[in-house]
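**Q** Single-letter residue listing:
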Amino acid sequence: NAGVTQTPKFRILKIGQSMTLQCTQDMNHNYMYWYRQDPGMGLKLIYYSVGAGITDKGEVPNGYNVSRSTTEDFPLRLELAAPSQTSVYFCASNLPTGGASGKLFFGSGTQLSVL
Amino acid sequence: GNSVTQMEGPVTLSEEAFLTINCTYTATGYPSLFWYVQYPGEGLQLLLKATKADDKGSNKGFEATYRKETTSFHLEKGSVQVSDSAVYFCALSDLHQGAQKLVFGQGTRLTINP
Chain V
39 NAGVTQTPKF RILKIGQSMT LQCTQDMNHN YMYWYRQDPG MGLKLIYYSV GAGITDKGEV
99 PNGYNVSRST TEDFPLRLEL AAPSQTSVYF CASNLPTGGA SGKLFFGSGT QLSVL
Chain H
13 GNSVTQMEGP VTLSEEAFLT INCTYTATGY PSLFWYVQYP GEGLQLLLKA TKADDKGSNK
73 GFEATYRKET TSFHLEKGSV QVSDSAVYFC ALSDLHQGAQ KLVFGQGTRL TINP
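Taken in sequence, the protein lines are chains V and H. Sequential numbering of the first sequence, starting at 39, is according to the numbering used here. Sequential numbering of the second sequence, starting at 13, is according to the numbering used here.
Hints are computed from structural coordinates only; laboratory data are not their basis. A portion of the hints provided could be inaccurate.
[Claimed, not checked] Below, simulated SDA-like cross-link-like pairs (lysine to any residue); rule was C-alpha separation at most 25 angstroms, straight line:
no.: 1; chain 1: H; residue 1: Lys68; chain 2: H; residue 2: Glu81
no.: 2; chain 1: V; residue 1: Lys141; chain 2: H; residue 2: Thr32
no.: 3; chain 1: H; residue 1: Lys113; chain 2: V; residue 2: Val98
no.: 4; chain 1: V; residue 1: Lys82; chain 2: V; residue 2: Asp94
no.: 5; chain 1: V; residue 1: Lys95; chain 2: H; residue 2: Ala39
no.: 6; chain 1: H; residue 1: Lys113; chain 2: V; residue 2: Ser122
no.: 7; chain 1: V; residue 1: Lys95; chain 2: H; residue 2: Leu107
no.: 8; chain 1: H; residue 1: Lys113; chain 2: V; residue 2: Glu110
no.: 9; chain 1: V; residue 1: Lys47; chain 2: H; residue 2: Thr32
no.: 10; chain 1: H; residue 1: Lys113; chain 2: V; residue 2: Val126
no.: 11; chain 1: V; residue 1: Lys47; chain 2: H; residue 2: Tyr51
no.: 12; chain 1: V; residue 1: Lys82; chain 2: H; residue 2: Glu27
no.: 13; chain 1: V; residue 1: Lys141; chain 2: H; residue 2: Thr36
no.: 14; chain 1: V; residue 1: Lys95; chain 2: H; residue 2: Lys113
no.: 15; chain 1: H; residue 1: Lys113; chain 2: V; residue 2: Gln55
no.: 16; chain 1: V; residue 1: Lys141; chain 2: H; residue 2: Ser15
no.: 17; chain 1: H; residue 1: Lys113; chain 2: V; residue 2: Ala40
no.: 18; chain 1: V; residue 1: Lys82; chain 2: H; residue 2: Val99
no.: 19; chain 1: H; residue 1: Lys89; chain 2: H; residue 2: Glu27
no.: 20; chain 1: V; residue 1: Lys95; chain 2: H; residue 2: Ser15
no.: 21; chain 1: V; residue 1: Lys141; chain 2: H; residue 2: Ser26
no.: 22; chain 1: V; residue 1: Lys141; chain 2: H; residue 2: Glu27
no.: 23; chain 1: H; residue 1: Lys89; chain 2: V; residue 2: Met79
[As the list claims (entries may be wrong)] Coverage of chain V stretches by chain H, computed from C-beta distances (three or more under 8 angstroms per stretch; other residues unrestricted):
no.: 24; stretch: 59-66
no.: 25; stretch: 141-152
Note that this is a predicted model, so its numbers are computed, not measured. For glycine and all other residues, C-beta sits at the position ideal for the given N, C-alpha and C.
Just need the whole structure built from these sequences, with the hints factored in.
**A** Dropping the structure here:
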């Protein structure tokens, strides 16, 4: 059972380049999320999705775009990379339990450096 | 808005020592509270949770009690092991359309020496 899979694990970008961070889950979870984790800081929500075709902004969405064409996939797009986007990115998913179960399933992360 | 504050790390203890990691929160309403753990090179995993005041969450010897009067959710373990070395995150839930928009504290790095 793969769970939440993120690719790539590491990437170095030059300022102004673009890239897509891939995230896929095989648990048939409706809800998916992208978080970023800066050094010494907690995770901050970038975007989330409550189902295919539906996305919404989180706390720090500027400089990012997302799409959700299938239940399984939730890619995160950086159009014009900036040094401030150097971070570790985590994708997560969970079921629509209807309550506050809180059990998000996280991928192992993508470490991105923008130089 | 909602926020979570954790005690600053890093925390270094010897094996079998008693552990406390403090966590306080600010929130409207009555959110659910969580502790997540991140082992080196891995994503976060749910350690324990509490959904209402006075609830105690527990798992793997760790405990935390939801204290509404002090807006706290401190993590404790009576006897830590080297394998407990990790980063611990306190979080609260901010539900929107059923989505679990977690608000995290900054994390506390714990190192246990043999």
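**Q** Confirm or reject each hint.
**A** Status of each hint after checking the structure:
1. Restraint check for Lys68 of chain H and Glu81 of chain H: satisfied, since their Cα atoms lie roughly 15 angstroms apart, inside the 25 angstroms limit.
2. As the CA atoms of Lys141 of chain V and Thr32 of chain H are separated by approximately 23 angstroms, the hinted pair is consistent with the 25 angstroms bound.
3. The suggested pairing of Lys113 of chain H with Val98 of chain V holds, with an alpha-carbon distance near 13 angstroms, which does not exceed 25 angstroms.
4. The hinted pair formed by Lys82 of chain V and Asp94 of chain V meets the criterion: a straight-line CA distance of about 14 angstroms does not exceed 25 angstroms.
5. About 20 angstroms separates the Cα atoms of Lys95 of chain V and Ala39 of chain H, which keeps this hinted pair within 25 angstroms; it holds.
6. Of the pairs offered as hints, the one joining Lys113 of chain H and Ser122 of chain V holds, with about 23 angstroms between alpha carbons and a cut-off of 25 angstroms not exceeded.
7. Simply put, Lys95 of chain V and Leu107 of chain H have alpha-carbon atoms about 14 angstroms apart, close enough for the 25 angstroms limit, and the pair holds.
8. Annotation: proposed proximity of Lys113 of chain H to Glu110 of chain V holds, straight-line Cα distance about 19 angstroms (limit 25 angstroms).
9. Distance hint between Lys47 of chain V and Thr32 of chain H is unfulfilled; the C-alpha atoms sit about 33 angstroms from each other, more than 25 angstroms.
10. Distance check on the hinted pair: Lys113 of chain H and Val126 of chain V sit about 18 angstroms apart at the alpha-carbon level, within 25 angstroms; holds.
11. Among the hinted pairs, Lys47 of chain V with Tyr51 of chain H is consistent with the structure: their alpha-carbon atoms are about 16 angstroms apart, no more than 25 angstroms.
12. Pair hint Lys82 of chain V plus Glu27 of chain H does not hold up; C-alpha atoms about 32 angstroms apart against a cutoff of 25 angstroms.
13. Proximity of Lys141 of chain V to Thr36 of chain H is assessed by CA-CA distance (about 20 angstroms); at most 25 angstroms being required, the pair is judged to hold.
14. Of the pairs offered as hints, the one joining Lys95 of chain V and Lys113 of chain H holds, with about 11 angstroms between alpha carbons and a cut-off of 25 angstroms not exceeded.
15. At roughly 29 angstroms between alpha-carbon atoms, Lys113 of chain H and Gln55 of chain V are farther apart than 25 angstroms, so this suggested pair is violated.
16. Restraint check for Lys141 of chain V and Ser15 of chain H: satisfied, since their Cα atoms lie roughly 19 angstroms apart, inside the 25 angstroms limit.
17. For the hint pairing Lys113 of chain H with Ala40 of chain V, the CA-to-CA distance comes to about 23 angstroms; that is within 25 angstroms, so the pair holds.
18. For the suggested pair Lys82 of chain V and Val99 of chain H, the alpha carbons sit about 16 angstroms apart, so the restraint of at most 25 angstroms is met.
19. Proximity of Lys89 of chain H to Glu27 of chain H is assessed by CA-CA distance (about 12 angstroms); at most 25 angstroms being required, the pair is judged to hold.
20. Distance restraint check for Lys95 of chain V and Ser15 of chain H: the Cα-Cα separation of roughly 18 angstroms lies within the 25 angstroms cut-off, and the hinted pair is therefore satisfied.
21. Annotation: proposed proximity of Lys141 of chain V to Ser26 of chain H is violated, straight-line Cα distance about 30 angstroms (limit 25 angstroms).
22. The straight-line distance between the Cα atoms of Lys141 of chain V and Glu27 of chain H is roughly 29 angstroms, outside the 25 angstroms bound, and the hint therefore fails.
23. Between Lys89 of chain H and Met79 of chain V the CA atoms are separated by roughly 23 angstroms; this keeps the pair inside 25 angstroms, and the hint holds.
24. Here's how the stretch 59-66 of chain V fares: 0 of its residues keep a CB closer than 8 angstroms to some CB of chain H, so the rule of at least three is not met and the hint is violated.
25. Beta-carbon proximity to chain H at under 8 angstroms applies to 6 residues in the stretch 141-152 of chain V; the threshold of 3 is reached and the given coverage holds.
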